[in-house]
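Each chain sits in its own coordinate frame; assemble them with the hints.
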Amino acid sequence: DSGVTQTPKHLITATGQRVTLRCSPRSGDLSVYWYQQSLDQGLQFLIQYYNGEERAKGNILERFSAQQFPDLHSELNLSSLELGDSALYFCASSVVGGTDEQYFGPGTRLTVT
Amino acid sequence: GEDVEQSLFLSVREGDSSVINCTYTDSSSTYLYWYKQEPGAGLQLLTYIFSNMDMKQDQRLTVLLNKKDKHLSLRIADTQTGDSAIYFCAESIPGYALNFGKGTSLLVTP
Chain S
1 DSGVTQTPKH LITATGQRVT LRCSPRSGDL SVYWYQQSLD QGLQFLIQYY NGEERAKGNI
61 LERFSAQQFP DLHSELNLSS LELGDSALYF CASSVVGGTD EQYFGPGTRL TVT
Chain F
114 GEDVEQSLFL SVREGDSSVI NCTYTDSSST YLYWYKQEPG AGLQLLTYIF SNMDMKQDQR
174 LTVLLNKKDK HLSLRIADTQ TGDSAIYFCA ESIPGYALNF GKGTSLLVTP
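Just so you know, the protein sequences line up as chains S and F, in that order.
The opening position of the first sequence corresponds to residue 1 in this note's numbering, with each subsequent residue numbered one higher.
The opening position of the second sequence corresponds to residue 114 in this note's numbering, with each subsequent residue numbered one higher.
These are computed hints drawn from the structure, not numbers from a lab.
Keep in mind that a hint or two might mislead.
Only pairs whose alpha carbons sit at most 30 angstroms apart, straight line, appear in this in silico DSBU-like list of lysine-lysine [as the list claims (entries may be wrong)]: (1) Lys149/F / Lys180/F; (2) Lys180/F / Lys215/F; (3) Lys169/F / Lys180/F; (4) Lys183/F / Lys57/S; (5) Lys215/F / Lys181/F; (6) Lys169/F / Lys9/S; (7) Lys149/F / Lys183/F; (8) Lys183/F / Lys169/F; (9) Lys181/F / Lys149/F; (10) Lys183/F / Lys215/F; (11) Lys149/F / Lys215/F; (12) Lys57/S / Lys215/F; (13) Lys9/S / Lys57/S; (14) Lys9/S / Lys180/F; (15) Lys169/F / Lys149/F; (16) Lys9/S / Lys215/F; (17) Lys169/F / Lys215/F; (18) Lys9/S / Lys183/F.
Isolated chain F (complex conformation) (with noise of 0.2 angstroms):
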C-alpha cells in the first residue's frame, strides 16, 4: 500500500498529554485506526475514526483528522508510565488489510 508515516519517538513526563502523529497517503482509505503494542505483546485495538469525521473523543483519547492534509493524530491526555509502548497508526478500507505505519515508541517519564 501507500505510505504511513510516523515518527519515531516520543518522550513525554508523566500527567502530561501525548500527541502522536501519522500521515496517510490513501485517499480511498475511510477507516483510520490506533493500536498499542507493549513490549512482548500483540497490538491492542485503541480507536478508530471513519474518513467523513474530524474528530472522534473517547476518555482520555482525542483522535484528530484533517482530510485535505491526510493528517491524523492521537492525543493521550494525563499520559501515565503505562501508556508507555508503541503506537501505530494504520488505515484501511472495510473488509481489507491494514496498511501500518512504523510505529512511534512512547516514552513516559515519572
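Chain S extracted, bound-state conformation (with noise of 0.2 angstroms):
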C-alpha cells in the first residue's frame, strides 16, 4: 500500500460526459501529479500541483482540467468524454525535495461507451 488513495475504482460512462476522479496523497506529501496510461500512448503525464498550484503542465487536453484543494487532496475533472478517453488514470504524489521518490495510487480506470 503505497498511501495514495484514489476513488472510484471503475468509472463507466457515455460519450460526451463528465467525471471527476479524486486523490488523496500520502501524509505529508505536498505534491500531486496525474497520469493517463493507454494501450497506444503508454503513461503519460498530465499535470502536476504543488501546494494547492499548478506546477506543470504535460498532455493535457483542454477538456481535461485539476485542482489541489487546501487539504491537499486533487481533483481530476474530464469533460465531454470520448471514446479515447478510455483509459487508467493514476495519481502520484511526492515531498519535492531530496530523491522525490513518486508513490502511485491504485488507478481509476474509466471506461466510456
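The structure is reproduced here in C-alpha cells:
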C-alpha cells in the first residue's frame, strides 16, 4: 500500500459526459501528479500541483482540468468525454525535495462507451 | 519529454537472473527509476539511482547505469514467478514529472 488513495476504482460513462476523479496523497506529500495510461500512448504525464498551485503541465487536453485543495487532495475533471479517453488514470504524490520518489495510487479505470 | 526506450518482452525461467534494459536521451535527468506494475494494480516503486552513480544494489535487485551511453539496466537475481509483471524505466529531475518508457513485460516460467 503506497498510502495514495484514488476513487472511484472503476468508472463507466457515456460519450459527452463529465466525470471527476479524486486523489488523496500520502501524508506529508505536497505534490500531486496525474498520469494517463493507455495501450497506445503508454504512461503520459498530465498535470502537477504543488501545495495548491499548478506547477507543470504535460499532455493534458483542454477538456481536462484539475485542482488541488487546501487539504492537499486533488481532483481531475474530464469533460465532453470521447471513446479515446478510456484509460487508467493514476495519481502520484511526492514530498518534492531530496530524492523525491513518486508514489502511485491504485488508479481509476475509466471506460467511455 | 525525450524518448525512453525499453524492449517490450522478456521471458526467463524461475531461478534464473532477469536483465531488463532501458535507454534514455535526456542528459538533464538526475534520477532514474524502476517501477513494477502487476496486472490490475498501480505502479510500485522498486528502486532508483542518482545519475552520478554507476551501480546500486538492493537485495535481489541490481541497477547499473552507463551515463555515457545513457543505458540503464535492472537485474533481478533468482527470479520468481511472483516477479512476473510489467517493469517501467523512468527518468526525471526531482520535483518534476516522470518520463516513462513503454514498459517491459517479464514472464517467469516454472
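Results for each hint:
1. A C-alpha spacing of about 23 angstroms is found between Lys149/F and Lys180/F, which places the hinted pair at or below 30 angstroms, so the restraint holds.
2. This hinted pair checks out: Lys180/F and Lys215/F have alpha carbons roughly 20 angstroms apart, not beyond 30 angstroms.
3. Restraint check for Lys169/F and Lys180/F: the C-alpha separation of about 14 angstroms stays at or below 30 angstroms, so the hint holds.
4. Proposed proximity of Lys183/F and Lys57/S is supported: the alpha carbons are some 26 angstroms apart, at most 30 angstroms.
5. The straight-line distance between the Cα atoms of Lys215/F and Lys181/F is roughly 22 angstroms, inside the 30 angstroms bound, and the hint therefore holds.
6. As the CA atoms of Lys169/F and Lys9/S are separated by approximately 35 angstroms, the hinted pair breaks the 30 angstroms bound.
7. Taking the CA atoms of Lys149/F and Lys183/F, the gap is near 21 angstroms; set against the 30 angstroms cutoff, the hint holds.
8. At most 30 angstroms may separate the alpha-carbon atoms for a hinted pair to count; Lys183/F and Lys169/F meet this at roughly 16 angstroms.
9. Only pairs whose Cα atoms come within 30 angstroms are accepted, and Lys181/F paired with Lys149/F is accepted, the gap being roughly 26 angstroms.
10. Of the supplied pair hints, the one linking Lys183/F and Lys215/F holds, its CA atoms being roughly 17 angstroms apart against a limit of 30 angstroms.
11. Of the supplied pair hints, the one linking Lys149/F and Lys215/F holds, its CA atoms being roughly 12 angstroms apart against a limit of 30 angstroms.
12. For the proposed pair Lys57/S and Lys215/F, the alpha carbon gap of about 20 angstroms is at most 30 angstroms, so the pair holds.
13. A threshold of 30 angstroms between alpha carbons decides the hint, and for Lys9/S with Lys57/S the separation of about 24 angstroms falls inside it, so the pair holds.
14. Using a Cα cut-off of 30 angstroms, the hinted pair Lys9/S and Lys180/F is violated, with the two alpha carbons roughly 39 angstroms apart.
15. As the CA atoms of Lys169/F and Lys149/F are separated by approximately 17 angstroms, the hinted pair is consistent with the 30 angstroms bound.
16. Under the criterion of a C-alpha separation no larger than 30 angstroms, the hint pairing Lys9/S with Lys215/F is consistent with the structure, at around 23 angstroms.
17. Taking the CA atoms of Lys169/F and Lys215/F, the gap is near 23 angstroms; set against the 30 angstroms cutoff, the hint holds.
18. Our distance criterion of 30 angstroms between C-alpha atoms is broken by Lys9/S and Lys183/F, whose separation comes to about 37 angstroms.
Consistency with the previously given hints fails for numbers 6, 14 and 18, ordered from lowest to highest.
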